[in-house]
Amino acid sequence: MSSAALERQIRPIYDALDTGSNKSAIVACNKVLKKHPNNDLVKALKSLALVRSQKVEESLVLCDEVFAKKPTDDSVLAAMAHVLRALGRFNDIISMWEEAFRQQPGNEEYGAQTFMANVRGSNWKAAQQIATRLYKTFQEDRYLYWSVISAVLQANDPSTPAAMRTILYKLAHRLIESCPTPSVLNTDRFHLHLSICYELKLFDEAQKLLNNEVGKAICANNLSCDDLRRKIIKAQGLVEEEGKRSKELITEKGDRNWLEFLAVLDAAFAPITLPQGGAPSDSQKESATVSIQSAKEVFARVAKLDGRSDRSGLLAILELERRSREHKLSDDPSKLVTLLKQYFETFGDKACCFEDLKPYTDIQGEERQQWIEFLQNVPISFETTEDLQRVINVHKHLRHRLSPSEINVDSEQKRLKAYVSHYEQGLPLGYSLPQTELQPADDLALLAGNAYINLWSLTNDQSHLQAAASFLEYALLKSKHSFLTRLILVRIYRLLGAPSLALEHYRAMQIKQVQHDTLSHLLLSRSSTFSTAPAGDLTYISECLEATQIYLSNSQETSEFISRVFHAEKYSQIPEFIHFEERLENSLQRDSIKIEYLRMRLSHEAILSDLIDMELIELKFVFDRLHYDNRDFDILPEYQPAVSKSLNEQTFLFGKPDGLGWLSIFLKTYIRAFQHASDLDETVEDKLLIGDRPKQTGNFDKALSLHQRLLQRDEAELCELTSEETKLIAFATALADWLEPYHDYARPPPAVVLAEAAKQNELKTGHPLKGIQLPPTNGANGQQKKEEPPAVTEPPATLLKYFEEAKTRFESLKQSGSVVELLQVATLVQEAFLLFNVETLRFKTPSVIKINKFGGLVPSFKSIRTEAVAVLKTISADLLTLSESQTSTDVRNSAVDNCKSVPTTLIDHDFGFVLGKKIVDARKKALEGAGKGLAKTAQQYGTA
Amino acid sequence: MSILRPFKATDLFKFNNINLDLWTETYGLGFYLSYLSRWPDLCCVQEAPSGRMMGYVIGKAEGKSTDWHGHVTAITVAPEYRRLGLARKMMDLLESVSDQVYKGYFVDLYVRCANSIAIGMYEGLGYSVYQRVREYYGSLGQGKGGRDEEDAFDMRKPMSRDSSHRSIRANGRETIVGANDVA
Chain A
1 MSSAALERQI
11 RPIYDALDTG
21 SNKSAIVACN
31 KVLKKHPNND
41 LVKALKSLAL
51 VRSQKVEESL
61 VLCDEVFAKK
71 PTDDSVLAAM
81 AHVLRALGRF
91 NDIISMWEEA
101 FRQQPGNEEY
111 GAQTFMANVR
121 GSNWKAAQQI
131 ATRLYKTFQE
141 DRYLYWSVIS
151 AVLQANDPST
161 PAAMRTILYK
171 LAHRLIESCP
181 TPSVLNTDRF
191 HLHLSICYEL
201 KLFDEAQKLL
211 NNEVGKAICA
221 NNLSCDDLRR
231 KIIKAQGLVE
241 EEGKRSKELI
251 TEKGDRNWLE
261 FLAVLDAAFA
271 PITLPQGGAP
281 SDSQKESATV
291 SIQSAKEVFA
301 RVAKLDGRSD
311 RSGLLAILEL
321 ERRSREHKLS
331 DDPSKLVTLL
341 KQYFETFGDK
351 ACCFEDLKPY
361 TDIQGEERQQ
371 WIEFLQNVPI
381 SFETTEDLQR
391 VINVHKHLRH
401 RLSPSEINVD
411 SEQKRLKAYV
421 SHYEQGLPLG
431 YSLPQTELQP
441 ADDLALLAGN
451 AYINLWSLTN
461 DQSHLQAAAS
471 FLEYALLKSK
481 HSFLTRLILV
491 RIYRLLGAPS
501 LALEHYRAMQ
511 IKQVQHDTLS
521 HLLLSRSSTF
531 STAPAGDLTY
541 ISECLEATQI
551 YLSNSQETSE
561 FISRVFHAEK
571 YSQIPEFIHF
581 EERLENSLQR
591 DSIKIEYLRM
601 RLSHEAILSD
611 LIDMELIELK
621 FVFDRLHYDN
631 RDFDILPEYQ
641 PAVSKSLNEQ
651 TFLFGKPDGL
661 GWLSIFLKTY
671 IRAFQHASDL
681 DETVEDKLLI
691 GDRPKQTGNF
701 DKALSLHQRL
711 LQRDEAELCE
721 LTSEETKLIA
731 FATALADWLE
741 PYHDYARPPP
751 AVVLAEAAKQ
761 NELKTGHPLK
771 GIQLPPTNGA
781 NGQQKKEEPP
791 AVTEPPATLL
801 KYFEEAKTRF
811 ESLKQSGSVV
821 ELLQVATLVQ
831 EAFLLFNVET
841 LRFKTPSVIK
851 INKFGGLVPS
861 FKSIRTEAVA
871 VLKTISADLL
881 TLSESQTSTD
891 VRNSAVDNCK
901 SVPTTLIDHD
911 FGFVLGKKIV
921 DARKKALEGA
931 GKGLAKTAQQ
941 YGTA
Chain B
1 MSILRPFKAT
11 DLFKFNNINL
21 DLWTETYGLG
31 FYLSYLSRWP
41 DLCCVQEAPS
51 GRMMGYVIGK
61 AEGKSTDWHG
71 HVTAITVAPE
81 YRRLGLARKM
91 MDLLESVSDQ
101 VYKGYFVDLY
111 VRCANSIAIG
121 MYEGLGYSVY
131 QRVREYYGSL
141 GQGKGGRDEE
151 DAFDMRKPMS
161 RDSSHRSIRA
171 NGRETIVGAN
181 DVA
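Just so you know, the protein sequences line up as chains A and B, in that order.
Number 780 in the UniProt record's numbering belongs to position 780 of the first sequence; there are no gaps in the numbering.
Number 135 in the UniProt record's numbering belongs to position 135 of the second sequence; there are no gaps in the numbering.
Where hints are given, some of them may not hold.
[Unchecked claim] Which stretches of chain A does chain B cover? Using the computed rule of at least three CB atoms under 8 angstroms from a CB of chain B, they are:
no., segment
1, 57-68
2, 163-169
3, 307-320
4, 512-524
5, 732-738
Please keep in mind that the hints were generated in silico from the structure rather than gathered at the bench.
We put the CB at the ideal spot given by N, CA and C, even for glycine.
Generate coordinates for the entire structure from the input sequences, incorporating the hints supplied.
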């Protein structure tokens, strides 16, 4: 057949792949392969279609076949790159391109692909060498710069020893100097050149670059280069020159970038901020007084000129005063307060006035008194939105600087009344605004929300949370797109044990894309408490899956853009992109969701060894990672007094953050349990693992074995657990310690596990498993145990006690009425029982018990199981009763009363009634779901 | 007083206070990364001294021959920092880079015909309506403003290279084109 005819047959395969019809792609491939059984392209494409249809084993066979032939055809290579990527075999992608480039050294494209493949794997050294080769062969400046940036990236890599850093930078410098065209011809090459000079402290060279006309023009129009210029100036100690330059920009060009003002400030204090430390001499002080005075005059002129159109001048004077005080050079002790007042008088009607002045209001004694009196005397008026904003700023400033003695229930109630009443009075100012606008009075509702939460913190009385919910719901009715109001509501409803209401608000925020990484913690942190997955409700499971889409996009898209940014030669962006990819890939939130998802999954799916093996491998990778915490907590409208706990801390579920420590403890617990239950030991895992092993980036003692690391407990980590979680972990640890020797003894040897895997693989694909050589079994079928089995011991008493005590705690919590605490105890008891089932899975097989002579273990399992099931059933029944009781008139009336208790006529009986009922219903649903779930779990695992 | 600095990829982790806003779209990663990988100098951030992001602008350079111009793709300011002239400063930067670095003939942007406050601001900055684009904001459907709600004004401001002001016209509001004509 002619090549044109073949091409005609291959086209539909591409089309099918492009449209995601993998099945028809496979059919089309088979058709072509019948006539052309040795066509590598079709094989590669079939392999791609297979891996995309999750048929990994079959895909591997074809992939390996083509790979072994060391292809050099560009369409085969492109298809193979996709296959290998899907299989996670990044090292093979590199060697594939390397080999193709070796065979066709004149193929520029293959060289560039080899370079990019190394970039994707962060193999900077190899990347640098290939770029150098590309430059030598093709004489393109671009490749020289690729080799320069690779050297820089290698230097910046955390795994590069400090001593190597300078050597690499020097290499980068030498390379850049060897370029026939000067770096100033391209902004980003210029940026790279400057950054190398900065690292190597080659200031003369840097100045030469900066001071020629082109360099100046670049910095004037490029913020990144200008940033670097500032850094160099600072490192060089040219603070006063820079101050002069900035002063000119401010006064002559009208520049109002705050960085220029900071430069003038730094210059003013330069004579006394000595690099070598120590006290400044009198003459130094004198020259500082002069320069400070001159800066003050500049700022005063700016302030006068700008009036209300720009805040820079006045704020610079404030900052100057703050620094003067720090250096004991202030001539007027009342100056700071005077300036604060002046600032408030000028900009008090701007929303940012609170943020602007916050850093300057930490003052004591007489000064504080003056400032507070000033604020208290600001006229309260609601004539205009400006008046209203001024009232809001007064409240925010006063609240921020409350002293501990001013924070108690009575005073907080009083303030609350003021916020609510001022909200009511300010509301009419927004009547005419379209519904899409925020209301000017919104912040007063947020202040009231803060006050209510503080009241709850002071009294532990949940009625304050209900009242807060009521008022905030009202405010949301008036300001439909106030995301900040929703944020507090999400936290409050979780605390109230009304998760469905929290979910409603969370969904209304329409969190998207990268926001899933930074904001999904609002909903998903400790969300297994609210999951009713065992009863068949997959709401939270699907929320987890949705939130993790972004990590998939990151691994697919970001590396693509990293290649693009190399091609576009935007060197200033390359380290940024790489850092971004890393932070998202190794996000703490990603793996916290993973744990929550796992906990829900175990409660929903049957506990089988397939699930355990898969999760075990993934969790181990997660455990070896360095994590980045990208969660955004600053987004919460934080108006608690500086001396109190923050709103964020106050509203954590169970009052505990779930950060790195929490993640680490849960990872260790589950890895250990899964290790016990799994037949995959390290050697087996190595053989069966498809794709590369990720780099161990975590910051742990590499001398320790995994087993040692799993046993480590660190005080700081334990601090992040609630007391219920601590008990669960203690239970899991005791259980694991007890059963470990039996697992280790009974686990089949690697050869047997591999033989079984090979058998399964052959059944599935018709091919033997590659790379595994099975030792002859000597005809004997059974495993021969060299040692005596470990003696069967009684289970530690703590195991039985855990369930008993949990029941008692649940019993006593019923009186306090905190729904969320009850849910926590219930779901954690269930989790303990599920962990027990994981740990005893191996011993369910009678032959395992028989061969290993573990008959003595069976009665122990039985007694724990019986006890656990009984407790689960009791708690389940209690939860259902509690759920019913939510609908009683008493409970409902009390909720309605709490919702109505807001000191305002805005919230009438109907409003309070509807919301009170909503809260009660949501709690009823949560309790009922948990109750049914526990019953289901008890039933499913009731008998071994 | 705010710091004007380049937009960085990692700013996506901290722009929630700006993007939790009805009118500000949060796009996929590819959107931001493609702008940053091509026109990093047309993307900048205003930041408060505390490090909190206040607003940002994302722009690009596009077009052929005399249509070569700077384009404002997204400009937004967090609610608490509005009415401080931040948008103006970011526009200044984008214009100056479009003019000096890219040597564009003009800078343009799209704005909802109903958004009279923004239109007024852009007019104050020297922009004028070049054409009305029908159903440019199709996704929201017609709101209270009727057609004004979904039609866009394409507003332009000539740069120094267009000394004879050929990139603008007087009767732009009456010149109506379809959304497909402007790509």
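Outcome of the hint check:
1. 57-68: This one is violated; 0 residues, fewer than the three required, reach chain B with a Cβ under 8 angstroms.
2. 163-169: Our answer is that it is violated, as 0 residues pass the Cβ test (under 8 angstroms) against chain B, missing three.
3. 307-320: Answer holds; 6 residues pass the 8 angstroms Cβ test.
4. 512-524: holds (count 7)
5. 732-738: violated (count 0)
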